[in-house]
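Take a look at the letters that make up each chain.
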Amino acid sequence: MKKAVALFSLSAAILASSHAGAVTVTLACGDVGLELKMCKEGAARWAKKTGNTVKVFESPKLTNDRLGLYQQQLAAKSSDIDVYQLDVVWPGLLAQHFVDLTGKVPASEVNAHFKGIIDANTVNGKLVALPWFTDAGLLYYRTDLLKKYGFKAAPKTWTELALMAKKIQDGERKTNSAFSGFVWQGKNYEGLTCDAMEWLVSFGGGTIVDSTGKITINNAQAAKALDTAASWVKSISPAGVTTYDEEAARGIFQAGNAAFMRNWPYAWALGQGKDSKVAGKIGVAPLPSGGARNAATLGGWQLGVSSYSKNQDAAISLVRYLTSPEEQKIRAIQGTYNPTLPALYKDKDILAKNPFFGSLYSVFTSAVARPSAPTKLKYNQVSQAFSTAVSDVLNGKMKGQQAVAKLATDLARIKGRGW
Amino acid sequence: MTVNATAPARPRRTRGIEAARARQALWLLLPTLIAIALVAGYPLYRTFYFSLFDANLTSPDQRTFIGLDNFWFTTEDGVAVGFLQDPKWWGAVKNTLLFTVVSVFLETVFGMIIALVVNSAFKGRGLLRTAMLVPWAIPTVVSAQMWAYLYNDSFGLIGRGLLGGQAVLANTDTAIWALIAVDVWKTTSFMALLILAGLQSLPGDMYEAADVDGASKWTQFWRLTLPLLRPALLVALVFRSLDALRVFDVMSVMLGNVNAASTSMTGYARQALIDNQLLGMGSAVSVAVFLIIMVIVVIYVTAFRVKFD
Numbered sequence: 001m002k003k004a005v006a007l008f009s010l011s012a013a014i015l016a017s018s019h020a021g022a023v024t025v026t027l028a029c030g031d032v033g034l035e036l037k038m039c040k041e042g043a044a045r046w047a048k049k050t051g052n053t054v055k056v057f058e059s060p061k062l063t064n065d066r067l068g069l070y071q072q073q074l075a076a077k078s079s080d081i082d083v084y085q086l087d088v089v090w091p092g093l094l095a096q097h098f099v100d101l102t103g104k105v106p107a108s109e110v111n112a113h114f115k116g117i118i119d120a121n122t123v124n125g126k127l128v129a130l131p132w133f134t135d136a137g138l139l140y141y142r143t144d145l146l147k148k149y150g151f152k153a154a155p156k157t158w159t160e161l162a163l164m165a166k167k168i169q170d171g172e173r174k175t176n177s178a179f180s181g182f183v184w185q186g187k188n189y190e191g192l193t194c195d196a197m198e199w200l201v202s203f204g205g206g207t208i209v210d211s212t213g214k215i216t217i218n219n220a221q222a223a224k225a226l227d228t229a230a231s232w233v234k235s236i237s238p239a240g241v242t243t244y245d246e247e248a249a250r251g252i253f254q255a256g257n258a259a260f261m262r263n264w265p266y267a268w269a270l271g272q273g274k275d276s277k278v279a280g281k282i283g284v285a286p287l288p289s290g291g292a293r294n295a296a297t298l299g300g301w302q303l304g305v306s307s308y309s310k311n312q313d314a315a316i317s318l319v320r321y322l323t324s325p326e327e328q329k330i331r332a333i334q335g336t337y338n339p340t341l342p343a344l345y346k347d348k349d350i351l352a353k354n355p356f357f358g359s360l361y362s363v364f365t366s367a368v369a370r371p372s373a374p375t376k377l378k379y380n381q382v383s384q385a386f387s388t389a390v391s392d393v394l395n396g397k398m399k400g401q402q403a404v405a406k407l408a409t410d411l412a413r414i415k416g417r418g419w
Numbered sequence: 420m421t422v423n424a425t426a427p428a429r430p431r432r433t434r435g436i437e438a439a440r441a442r443q444a445l446w447l448l449l450p451t452l453i454a455i456a457l458v459a460g461y462p463l464y465r466t467f468y469f470s471l472f473d474a475n476l477t478s479p480d481q482r483t484f485i486g487l488d489n490f491w492f493t494t495e496d497g498v499a500v501g502f503l504q505d506p507k508w509w510g511a512v513k514n515t516l517l518f519t520v521v522s523v524f525l526e527t528v529f530g531m532i533i534a535l536v537v538n539s540a541f542k543g544r545g546l547l548r549t550a551m552l553v554p555w556a557i558p559t560v561v562s563a564q565m566w567a568y569l570y571n572d573s574f575g576l577i578g579r580g581l582l583g584g585q586a587v588l589a590n591t592d593t594a595i596w597a598l599i600a601v602d603v604w605k606t607t608s609f610m611a612l613l614i615l616a617g618l619q620s621l622p623g624d625m626y627e628a629a630d631v632d633g634a635s636k637w638t639q640f641w642r643l644t645l646p647l648l649r650p651a652l653l654v655a656l657v658f659r660s661l662d663a664l665r666v667f668d669v670m671s672v673m674l675g676n677v678n679a680a681s682t683s684m685t686g687y688a689r690q691a692l693i694d695n696q697l698l699g700m701g702s703a704v705s706v707a708v709f710l711i712i713m714v715i716v717v718i719y720v721t722a723f724r725v726k727f728d
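Protein chains in written order, with the working numbering: chain A, 1 to 419; chain B, 420 to 728.
Treat the hints as calculated values from the structure; they're not laboratory data. A couple of the hints might just be wrong.
[What the hints assert, rightly or not] Which chain B residues face chain A? A few, computed with CB under 7 Å, are given here:
no.: 1; residue: V498
no.: 2; residue: D572
no.: 3; residue: A589
Heads up, the beta-carbon is just placed ideally off N, CA and C, and yes, glycines get one too.
So here's chain A without its partners, still in its complex pose (with noise of 0.2 Å):
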C-alpha cells in the first residue's frame, strides 16, 4: 500500500514537473533525399536541450503538392502545425498566416543571415519566417568520364555542354544502353520553372515578369533559350527527362547512367553516399551560360510560425534553434544543406566535407530570384503558365517563340486587374 501510494505520488510529481512548461510542437518537414531525417535529428537535439517535445508532420515530395495542402490547413486556421518549413517563393503567399518574428527574434540574430534572404521573407515590413537553408542550381559532373573522353574542365556554355554530353554518351552507350548524357528537371511543375529560369537569365531573357510587374517573356533570347532546351531532349537527355524531378535526375546520375546533371546542392552529400555508385567521381560547377552570363535560380527553404499555433513561444524558440550556426552546420556536413550565414562558409570542417561551397560562393549569392516579389498572390499560376509553356516546347508542341507569345496572352490574363 505504501509502496502504491509512493509510486502514484512519484509519478504524479513527474506529471506534474512535465506538463509545467514542456509542451509538444509539431513541426513540417519536407522529405526530399535526406531532408526528413535531418529535420528529425535536429527537433530531436532541441527537444532533448529543451525538455519539449516534437511531432514531426512528414509533406509531400513536391512543392507545389506541399503547398497546396498547407494552403488547406491554413485557410482552415488549423493548429494542427505549429513550425512550417516555407519556400523562399512563398512568403508572399502566405505572409498573412504567420507570426511576425520581428521583435522576437533579436536583431543580431536575423542580421546574421544573407540580406537578400532575409528580404525574400520581409512582406510589408513584416518577418515571415527565418532563413534555414539556401539553394541554387549546379551543374553536376562526371569527374572520371570527362577524363576519359579527354576533357580538361566542366563546360562553360551550353553549346559545349551538350557536345560534350553528346561524346560521352555515344562512348557509353556502347557498353551501357541506359546511359545518358544530361538529365534535369523536366517534369512540368515548379522545378521546371527553376530549371527555366536558369536557361532564361544565361542567355539573357529576362525574368518572366520584371520587378516592376512587367511582362516580358515575349522575347527572341527567351525563345532561343527555349528551343535550345528542347534540343537536347532525345539528344543528350532521355525522352523522359521531361517527368523527371529532382530526386528521379538524382536515382539516375547517382546510378552512373548521367555524365552531367542539373541539380540542387543537397545531392552531394547522397552522391557521396556508400549506395551510391559514383562517389568520389563527383565534381561541381556553375551552369553553363547562354551567352549573357551563369545563372542559378535562387531556391531555399524557411521555417516560420503560424499564427493559429497554440504554442507560439515554443515554436519559436524551436525556429530560433534550427536556424542557428551550429544547427546550420551540422546540416551543411551532412547533407550539404547550404547555409544562410555568411560566417559559415569560411568554416573549415564545412569546407573539409564541401570543398566547392568555397569556390562557388558566389554562385549562392548571385542566384536570380524568380518573380514571386512583383507577382505576389498570383506567382503559383504566372509559373504553372510559365512550366506549361516550356514544357509545350520541350515536348515539340511549340516552338519556343510562338511558345513565349502565347505565353505572354496567357500571362496578361492571368494579371488581369493587375498583380
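Knowing the structure of chain A, use the given hints to seat chain B on it.
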C-alpha cells in the same frame, strides 16, 4: 342501413392509416434528409455561392460579388479572364470526354467477355471470380503510382521494355491513352462484376428451351442474353460514366497536378481552387463540372430509359 353507414367510413379509415404511414415515413426519413442537407446540400450551395464571387482561398471573408465574371469576362484591355475563355479548360473537357467514352466502351466490352466466361460452369470458377477483382481492390493512388513506374522510360517494364525508352507520360496527347489503359485495367473487373450479377438473374431454363429449338450460342447471346441484360448493363454504364467524368486521382498521381489540369475537368478545378487559390474561379469550374455531368446523366437516363428500381 348499417352496411350503408359503415361503407363510407371504411375508406376514410384506410386513408387515415395511409396518411399516418406517410407521416411516419417522413419522420423516419427526416434524419437522413437533414444529414444529406448538411453533408451534400450545404457544400453544394456554398460552391454555387462562391462561384459568383471574386474570393481567395486564404481569406474567404474578403470577397466581392462579380456575378458571372468567373465564367466569362473580358477586361477593358481585351484580356479574357473567364475560365470558359481559357483554351486549357476546353482541352481538359475534351480529354475527359475522350477518356470517358473510350475507357467505358472498352471496359463494357471486356467486362462482358469476362462476365460470360466466369458465368459458365468450370473448375476453379470461384477462385477466378475472386482473382479478377484484385485490380479493383488496389487503391487507385497505389495502382497509378505502380503504372507510372511501369511507364518510366529508363527502368519501366513498358516504357523501357516494350517501347524502348519512350516517355508516354511526358506528352498529354499520348498520356491520355496511357491513362485509359490504366483505367481499363483497373475497372474492367468492376464492370464484369456488375454484368455477372445481371447474368445470374437470367433463368437457366430459357437457355434449355433455346437449345431445344436449335438456336446457336451466338443467336442466344444476341437474342436472349443481351436484351435481358439491358437494364443491368445500363445501370452499370451510368455508374462507370459518372465515375470516369469526375476522374481525378489517376491523372494527379501519374502526370502531376499541373498536367492533370489539362487532362481532367476536376484537375482543372483543383488547380484553380488549391494551387491558384482562386476560391471563386475554382467554385465556378466546379459548378460547370457539376452541370456537365448532370446534363450527361439526364441524356443517358432519358435516351436509354434507365430504371434504377
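Consistency of the hints with the structure:
The interface hint given for V498/B is met, as the beta carbon of that residue sits about 5 Å from the closest beta carbon of chain A, less than 7 Å. Because the closest C-beta pair between D572/B and chain A is about 3 Å apart, less than 7 Å, the hint holds. Using the Cβ-Cβ criterion of 7 Å, the hint placing A589/B at the interface with chain A is satisfied: the shortest such distance is roughly 4 Å.
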